[in-house]
Every structure is written in C-alpha cells, then in structure tokens.
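Fit chain B to the given chain A structure using the hints.
Chains as they are written, first to last, in my numbering: chain A, 1 to 308; chain B, 1 to 197.
It is worth saying that the hints were derived from the structure and are not from the lab.
Incorrect hints may have been included.
Stated by the list, open to error - Here are the simulated lysine-lysine pairs, BS3-like style, with alpha carbons at most 30 Å apart:
id, chain 1, residue 1, chain 2, residue 2
1, A, K257, B, K20
2, A, K257, B, K18
3, A, K77, B, K128
4, A, K115, B, K20
5, B, K128, B, K158
6, A, K177, B, K20
7, A, K67, B, K103
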Amino acid sequence: MPENQKEHESEVQTNNEPEEHEHEHHHHRRKKSKLKPFLYSVMAFFLSFVLFLLSICMVLEFTVFSKDYMINTMDSKGYYSMVRYELQSCLTDLVYASGFEPEFAVSFANGYDVKKAVESYINSFYAGDNNLVDTTEFKQQLYAEVQNYAKQNNIEITDSTEENIIYFVNEAANIYKDQISIPFFSVIGKYIDDFYNTLNIIIGVLTALALGISAVIYFTNRYKHRRYKYLCYGLAGGALSSIIIPIFISASNIIPKINITTRSLYNLFVGYFTGLFNYFYICSGAFAILALLAFLLYVKYYEKYRTA
Amino acid sequence: MPSASSYIAMSNMFFSDKEKTFENEHRNIFVPVEDTSEVSQNSDKPDTVSISSFTFPSYEDQFGELVIDDCQIRADLYFGDSWYVLGNGVGIYNGSAIPGYGKTVLIAGHNNTYFNGLKHAKEGQIVKIRTNYGNYKYEITGIKITDNQDRSAYDLNKNEENLIMYTCYPFDTLGLTDQRAFVYAKYVSGPMIDKNS
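Only chain A is shown next, with the shape it has when bound in the complex:
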C-alpha cells in the first residue's frame, strides 16, 4: 500500500536524526497516517450512502412521479386492451341482468374511448385533481343508447322502466369508474402532488452533497492515486447499495405472487415494478462505471507514484 511505503520511506529518511527527535517524529507520523485513511474511509462511506439515497430519489422521480413512465408501462403491457376486455365482460354481465341483447354492451366499450379515459385518468392523477374519473359523458352516451335500443325494439318506457334504466346506467357508470381507476391511486395522488417539489429539492441537495464529498476527497488528498482510491470506494459502495433492494425483492420473487385478481392490474403492477427495478440497475450501473473509471485512474497514478 502507498501509505506503508511512504511510512517506510520516512522511517529510512529519519534514521540519521537524534534518537529523541526521531521517536517523537515517528510517533507523530504514525498517528497522522492512521487518522487520515480513517477519515477518508468515513467520507467514502458517506459518499456511498448519499449515492444510495440519490439513486432512490432519482428512481422515484423517473418512475412513481413520472406520468410518462406510467403511460409507457400501460402501453407496453397491453393495459388498455385488457381493461377494455374486463370492462366489456362486466358490462355484458350487467346487460344480461337488464334485459338487453348481449351485443348491446359492445357499443359502449370501444378501445379508443377506453384508452382516452385511462389517459385522462392518469393526467388528472398527476395534475393533482380530486375527480379522477368523470362519468358524465359515459352516462349520457349510455342513456341515449338505451333510448335508441328501446325505440328500435318497440319497448314502451313506463315510469318504473325509466327508474330501472337510470339504475342500470348508474351501475354501469360505477363499473366503468372502477375499471378505469387504479386502486389506491386517489389516496397516493395527493402525496405525489405535494411531494413532487420536495423531491426535486432533495435530489438537488443530495447531488450537491455527493459532489461536495467528492470534491473534499479529491482536493484534500496530496496524491492523485489516493483521490481516486477513495472516490472508487464511495462510488462502488453506491453502486452496490443501489441494487440491494431490487435484487433482494427480485430474488424473493414476491412481486409476481401479488394477490391481484384482474389480469390488467396484475400485469401493470408486475410491469411497473420490473421497470422500477431496472431504473435501480441503471443507476447502479452508472455508479459502477464511474467506480471502474476511478479504479483505472487509481491504478494509473499508483503506478506513476510507485515508479517515481
């Protein structure tokens, strides 16, 4: 190690000095050489911890707090078509219970409208709106369809039939709302909106802290190889700590065992978390590349120092 070598060199250099002074000097050097590596190791540890926190915040920023991430996951997992199928099935069941022909349900659950409704729901969620699913248009459209159906089939609409139709429309709207909504989203939505700016501040603070610690390690070390050695420690620590949580959860295989009964939500949930873990791997990979770079620089400068 360079410290030992330097220590050894200093010992060789002081061999000709008076005994008392030599002892004092030697004692002082030994004390100094122990404290410095310890302090830099602590700084490297803090750097890795800050990078770990930074990776969590960055992943949250790019996933949980990102509307695009949610919409991309829905697209890639075929969420819209599955929701459409489930909505269609639930409405068909309702239609069976309400005296309509089964084909009647097909007309008010088309793919385009479902996609538009889900996207509007996601947009409202990330905009912090409370009313996430507006069923007014759906109800109006369905009510008009029922009136047309009755006219085409010569069904007389009495007061009690009208009451039953309104009951049917309201029930269908509830099913529609349940299918378009994502459970617990309305609860989480409030926090997402409130916490978004704070998260950006935290990311800024953590980035500044990471750069600050790196700067202290870099500029307070006299020898270049030592700068890169401690930076390498910190970055490698950050890379390893960033993948501990996703690796632990992935290895336990707990995500695919989640008890979600509908196929659309299950696929969305599994796809969402797989993507989220991928962001952790990307963060960890970035830190690992920087750590490798620091290691190569350490090797380069250590060779220079050794041969000097």
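Okay, now just chain B, sitting in the frame of chain A:
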C-alpha cells in the same frame, strides 16, 4: 414467534404462495357420475360420498349442471357468482354450501338469460343438479318476491340440506331492479358429503 406470525398472516393477504398465471382460470371439472338417486331413495341408509374422493371446486370452476324441466331451465353450474359465471351459467354463492354438504345451497342466475325460466316456477316441480361427485334432486316448496336488501330471504347457517335459487325481478324488463325472486326447494335425494373421510 407470535408477534411475527401476525405479520406473516397479514402479508399472506397480499401475496399468494405461487406466481399468478391466469391460465388455470375457469376450469371445467364436471364429469357426470352414475345416477344412484333412485337406489338411494329406496334404501334406508342415505348414500354418502367421501370429501376426499372428488375434486372440490375452486372459484369459477364449472362442476355441474342445473336442470328444471318444467321451467325449461338447463344451465351450467359454477362455484362462485362472478360476472364470468353469470355470463355463462348459474353460480353458487361461495359463502353458501355445495350440494350434499347438509347446508343451504344458494344459486344465482340472471333473470333474462339462464334463470329466465324461473318465472314458470311452481311448488312441487323438481330441480335436478348433476355434479362431478353426485346427482341431486330438490322439490320446489315456495317462491318469494322481496327487496334485494332483505337478509331474511335466506338462511346460510341452516343445518339442513336445502336449495335457494334467486334472480332479479320482474322478468323480461329493461334495466336493473331492486327486487329479487327467491325460489325455495327441499332436498329429495342425492349423496351426502362425508366430511370426515
């Protein structure tokens, strides 16, 4: 440890033992068995079937069929009463019992499809239920029209084999209604399930 077990039990609510595939949904385990109801009716000892000798239906499994000749009803029988089940047949409410269990069997169906024929139901008519473990007969004893919130219309804790079929009322109407038609039937024949073997 008792403190850990409560958390483990709680986590089991959210996670199952195996990965969900959605491939084994909606099994059809209905393989008709030989009809021994006539023999059973004539013998002193009621016929029994061991609970371990047949595949117990899971939620949304088709495990039998329900026939009421007088009402022109012939529907596949499922365990559970989800939208899938009621779109394909009639279903036993999973908080009630399966035929032969010695309790109330509560079966739901839509009034405009599989249970439309219940509008012709009358006392004395025979309901036949064939399952993957035995064939049952029940005799209709009464009909009641009531509100959908009326909990007194059925007793799921009754320790006597009986059948209740229900559907929306009135029949052949457009839209949803608050009323339900309950058709009650008493047990006539069929193997009782031996739960201890």
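Verification of the hints:
1. With a CA separation close to 6 Å, the supplied pair K257(A) and K20(B) stays within the 30 Å bound.
2. Between K257(A) and K18(B) the CA atoms are separated by roughly 6 Å; this keeps the pair inside 30 Å, and the hint holds.
3. Between K77(A) and K128(B), the direct Cα distance comes to roughly 45 Å. Violation of the 30 Å bound is thereby established for this hinted pair.
4. Between K115(A) and K20(B) the alpha-carbon distance is near 25 Å, which keeps this suggested pair within the 30 Å criterion.
5. A hinted pair counts as satisfied when its Cα atoms are at most 30 Å apart, and K128(B) with K158(B) qualifies at roughly 21 Å.
6. Between K177(A) and K20(B) the CA atoms are separated by roughly 25 Å; this keeps the pair inside 30 Å, and the hint holds.
7. Restraint check for K67(A) and K103(B): the C-alpha separation of about 52 Å exceeds 30 Å, so the hint is violated.
The earlier numbered hints that this structure contradicts are 3, 7.
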